[in-house]
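Asker: Listed in order, the protein sequences are those of chains C and W. Numbering of the first sequence is given in the working numbering, commencing with residue 1 and proceeding in unit increments. Numbering of the second sequence is given in the working numbering, commencing with residue 1001 and proceeding in unit increments.
Be aware that a few hints might be false.
Derived DSS-like pairs (lysine-lysine); straight-line CA-CA distance at most 25 Å [what the hints assert, rightly or not]:
(1) W:Lys1007 with C:Lys391
(2) C:Lys352 with W:Lys1019
(3) W:Lys1234 with C:Lys391
(4) C:Lys488 with W:Lys1019
(5) C:Lys495 with W:Lys1007
(6) C:Lys611 with C:Lys488
Quick partial rundown of chain W residues pointing at chain C, CB under 7 Å, derived from the structure [unchecked claim]:
(7) Lys1022
(8) Tyr1030
(9) Ala1032
(10) Gly1034
(11) Asp1038
(12) Met1039
(13) Glu1050
(14) Ile1138
(15) Met1162
(16) Leu1193
(17) Pro1197
(18) Gln1198
Rather than coming from a laboratory, the hints here were simulated on the basis of the structure. Beta carbons are placed, not taken as given, at the ideal position from N, Cα and C, and that holds for glycine.
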Amino acid sequence: MELNSAIPSGPIEKKWDKHRFEMKLVNPANKRKYHVIVVGSGLAGGAAAATMAELGYNVSCFCYQDSPRRAHSIAAQGGINAAKNYQNDGDSVYRLFYDTVKGGDFRAREANVYRLAEVSANIIDQCVAQGVPFAREYGGLLANRSFGGALVSRTFYARGQTGQQLLIGAYQALQRQVGAGKVKMYSRHEMLDVVVIDGKARGIVVRDMVTGKISSHAADAVCLATGGYGNVFFLSTNAKGCNVTAIWRAYLKGAAFGNPCYTQIHPTCIPVSGDHQSKLTLMSESLRNDGRIWVPKQAGDTRPPHQIPEDERDYYLERKYPSYGNLAPRDISSRSAKEACDAGRGVGPGGKGVYLDFADAIKRLGEDAVREKYSNLFEMYERITDENPYKVPMRIYPAVHYTMGGLWVDYNLMSTIPGLHVLGEANFSDHGANRLGASALMQGLADGYFIIPYTIGHYLASNKLDKVGTDHAEFKKVEAEVAERTNKLLSIRGKRTVDSFHRELGKIMWEYCGMARNKAGLEKALELIPALREEYWQNVNVLGGGDELNQSLEKAGRVADFLELGELMSRDALVREESCGGHFREEYQTEEGEALRDDERFCHVAAWAYKGKDQTPERLVEPLAFENVHLQQRSYK
Amino acid sequence: MSSGNGKTLNLTLEVWRQKGPKDPGKFVTYDAHGISTDMSFLEMLDVVNERLNEKGEEPIAFDHDCREGICGMCGLVINGRPHGPRGATTTCQLHMRSFKDGDTITIEPWRATAFPVLRDLVVDRSAFDRIIASGGFISVSTGNAQDANAIPVPKEAAELAMDAAACIGCGACVAACPNASAMLFVAAKVSHLGLLPQGQPERESRVTKMVAKMDAEGFGSCTNHRECEAACPKEIPVQFIARMNRDYLKASIFAGRREARAGDSA
Ligand SMILES: Cc1cc2nc3c(=O)[nH]c(=O)nc-3n(C[C@H](O)[C@H](O)[C@H](O)COP(=O)(O)OP(=O)(O)OC[C@H]3O[C@@H](n4cnc5c(N)ncnc54)[C@H](O)[C@@H]3O)c2cc1C
Ligand code: FES
C-alpha cells in the first residue's frame, strides 16, 4: 500500500483554489443519481450531509444517539477559531496557519492546515447566517476571546455552549434536508462494518439499536464522521457512547490508521472523585483567559487555599512561560500539572489536582462580569463538586480529551480505501501531534461544509461506479460476519461485566500510554492488552438477546474494538522514539523537561496498515515537508 | 479516593421495567446500598446495573450520552419529577448528595403519547426531530452567507436568542405537562430564530408549520400550568410561549389576508 497525499502543486496560498478549479464536477442534473452515506451527525457529519443534500446528492445519515442533535460536538464549550481579524490585532490566514502548524509540533501536513485557516472565515459567516447566537459586543458585532497557543483573539463563542450552538445550526440545516426528502436519517443505528467491493467502499452494515435488526446500505461513496476514540481510556471527557468501531472496522478492511498514539490530555478537567467515576468533565480552556493556575510552593502543604499567602504560591505556568502564561498550549499545561503533582505539590484528595483561581479576575472585573462569561461552567462545577468557585478556587486535573490520530486521509479527505472519506475528529489530518483549543470545531465544520462537498464530486465524477445493490454477495457476507460476532459476544456468558474490562483497559492505557510514556511501559502494555483481550473473549458476560434494545451488547462491541485499538496505539507510541506535542516519551526531553523532537528520524506521519489477524501491522510513512513554517523547537516562553 | 465527605447511602429503588413497546411494564424494587454521595444519579444506576449483571439479571436500560447536561439524551422521572428534585439540573448532573440515607426513590420514563416507551426508561422522542424538520431552521444553503459582521445583532437580542437556543431537546417539558404539550420546546426554537434578524424572512411560515406539526404528532395543548418551566433543566421561561402565541396569531391573520388577496386576483 502506498500513501499518496495528493497535495496540489504550487504555492501554499494557491493550492486549494487551483485544486477546486482542477477537480472534476458532477453535472447538476446527475447529482441526484448518486447516493452518499454519511456516518455521524456531529459537526463534521451533520454539515457534510446537509451540504451534499443541498447540492443535490441523495444522502443517508446515521448516528447512534436518538437524534442527530446529540452528537458529542454538542459538548464543546469554549469556542471556534477563525482568521477574521475582527479585533484588528494582527490576525490573518497565515497567522492561524502558522499557529496551528507550530501548535501541532510540526507533525501536521502544511497544505491541509493552510486550507483549514483559509476556509475558517467562511464558517463563521455560514453559522451566523443560520442563526447561531454568537456572543456580541454592545455595538452588535461579534465578540472574541483568546485560547491557548495564540497571542491574538480569534475565538468566537456562544457563552460556554459553542459546540451546542454550532451543532444545532448544522442539525437544523440537516433537518431541513430531511424535511425536503434529500437526507434519510437513521438515528439509533450503529455502523458495524464497511463493505468494500472491487476495491471501493460501497456501503455499510448497521444494527438497528431498537430492534436489533442487522441491515445493509449501499452507496456510491461513504463518509465516516464518527468522532474521536478517547474512550479507549475509559475515563475521558467524551460522551459515554463515543467509540472507535466505525473507523476500526474500516482499518480492518484496509484503511490505514494515522498516528494512533497522538492523544490530547486536556489540562483543565474536574478531578476524579472515586472508583465509581464514569466520565470526566471538562472545564473549558476559555477559563484560562481569567483564571490563574497555581499550586503551593511547598510539597505536602495541606492548608486550605485562602490560608496560603501569595508568596507561598507557585503560578507555575506564568513562571515557566512568561509570554503565554496560563494560555500555554494544552500538552505543555497538562504536563506541567502532572509534574507539580508528581512533586507532591498537588492539591485536593490524593494530591491529584491544581488550583484554577478566579479571585484576581473577580477583583479586577467584578463578580458579575465573571458570571456573564462563565456562569454555566461555574454552575456545572458546583453541581459536580459541591464547591462554589466564586469563593474557592476550582480544582482541576488533566484528562483525556481528544484524539489527533485517526484514519489517514489524503488532501481530498479520502482514506486508503477509494471512496471511503473520513471527516472531523475521526481523521488524522490537521492537528499534528497536538491540537490547539477551538480548532476541532473549526476543522469539523471546514471538512463538512467546505471541503468534502467539493472533493466528493471529484471522486464521483472521476470513477466509473457500477450499480451495486445490497443483494450483492459481499453485503450478505459482511452481514453474516456482523451477526456472527454479535452472537459470539452474547454466547460467552462469562463472569465479568463489559465495564470491568473497559476500566481495566483504561487503567493500562492511562498508566503506560497516557501523559508520559516510556519504552518499558509501552512494552508492558503490549503484553497486558492482548492478554486482557484474550480473557475478554472467554469471560465477558453480556446478557439479553441480539434482537432487542440491548445496551450491554452495544458496549460489548465497542469495548472489543478498543481492546484491539489500545494495542495499536501502544505500538505506535513505542516506535515513535521522540517526543512531540501530546506524545511525550520520557526518554526524549530537553534539560528543561520540554518535548524533544527528532526531525531526522520522525518528521513524518505514521500510518498503520492491517495485515491480518495476529500479524504485525505494517508501518507506512508519509514524509512531512515544512516549506513555509520552518522546523524549530516550539517555544512559548 | 473521594473528594467529598465520603458519605454513603443505602437506598431502595422502585424502577419501571418494560421489555418492549408492547409490554405492559411494571415497577420492580431494587436495593442500592453503599452509594457514595459523590456519585451522579446515573453512576448510581451504573452501580446497580453492574450488580444486576453480576447476578445474571438484565441491566436497566436508560438513555444517556454526554453526562454533562448538554446533549439532552438523559431523562428520568425521579420521585415524580422530570430530572429529579434539583432545579436547573439534568438527570446526569444530579448528584446523590441530593438524597438521604434510607430514601426510597421511584424512577420512571418520560410519559407522553408522543414519546412511546421503547424499553425500561428509554423513550422515542423522534417527534421533536420531525417538528424541527417541518420548519425549525433558517433556509440558507452552504456558501450563501455574507460576511458575518454585515448583520449587526443587538446584544440584547443575541442574548435573548441564546436563552431560547439553550434548549437541549430533552423533553422534560413534555413529561412535566399534564397535557403532554410540547409548547415550550417549540416556542424555544421559534423564539431563538424569530429574535434574530436572519430569522425574519421565514418567521411566519416557520411558526405556522411547526405548530401544525406539533399538533399532528399528538402533543397536547397548553393550558398554562407552567410545569414545563419548572422542569426545564435549562430554565427556559414560559415567556417564550407567549411570544410564540403572538407570532402565531400574527401569522394566521396574515395568512388569512394572503388567502383573501389570492382570491381577489383569481
Ligand atoms: C467536552 C468537550 C469540549 C470540547 N470543546 C471544544 C471547543 O471548545 N472547541 C473546539 O474546537 N473543540 C472542542 N472539543 C472537540 C470537538 O468538540 C470535537 O473534536 C468535535 O466536535 C468532533 O466532531 P465530529 O463531528 O468529528 O464528531 P462527533 O460530534 O463526536 O460526532 C460523531 C458522530 O458519529 C456518530 N457515530 C459514532 N460512531 C458511530 C457508529 N459506530 N455508528 C453510527 N454512528 C456513529 C455519533 O452518533 C455522532 O453523530 C471539545 C470536546 C469535548 C469532548
Ligand atoms: S446525558 Fe447528556 S444531558 Fe444528560
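Asker: Next, verify each hint and record whether it holds.
Answerer: Structure-based check of all given hints:
no.: 1; hint: W:Lys1007 with C:Lys391; verdict: 24 Å, holds
no.: 2; hint: C:Lys352 with W:Lys1019; verdict: 43 Å, violated
no.: 3; hint: W:Lys1234 with C:Lys391; verdict: 24 Å, holds
no.: 4; hint: C:Lys488 with W:Lys1019; verdict: 23 Å, holds
no.: 5; hint: C:Lys495 with W:Lys1007; verdict: 30 Å, violated
no.: 6; hint: C:Lys611 with C:Lys488; verdict: 23 Å, holds
no.: 7; hint: Lys1022; verdict: 12 Å, violated
no.: 8; hint: Tyr1030; verdict: 16 Å, violated
no.: 9; hint: Ala1032; verdict: 12 Å, violated
no.: 10; hint: Gly1034; verdict: 10 Å, violated
no.: 11; hint: Asp1038; verdict: 5 Å, holds
no.: 12; hint: Met1039; verdict: 5 Å, holds
no.: 13; hint: Glu1050; verdict: 6 Å, holds
no.: 14; hint: Ile1138; verdict: 5 Å, holds
no.: 15; hint: Met1162; verdict: 4 Å, holds
no.: 16; hint: Leu1193; verdict: 5 Å, holds
no.: 17; hint: Pro1197; verdict: 9 Å, violated
no.: 18; hint: Gln1198; verdict: 5 Å, holds
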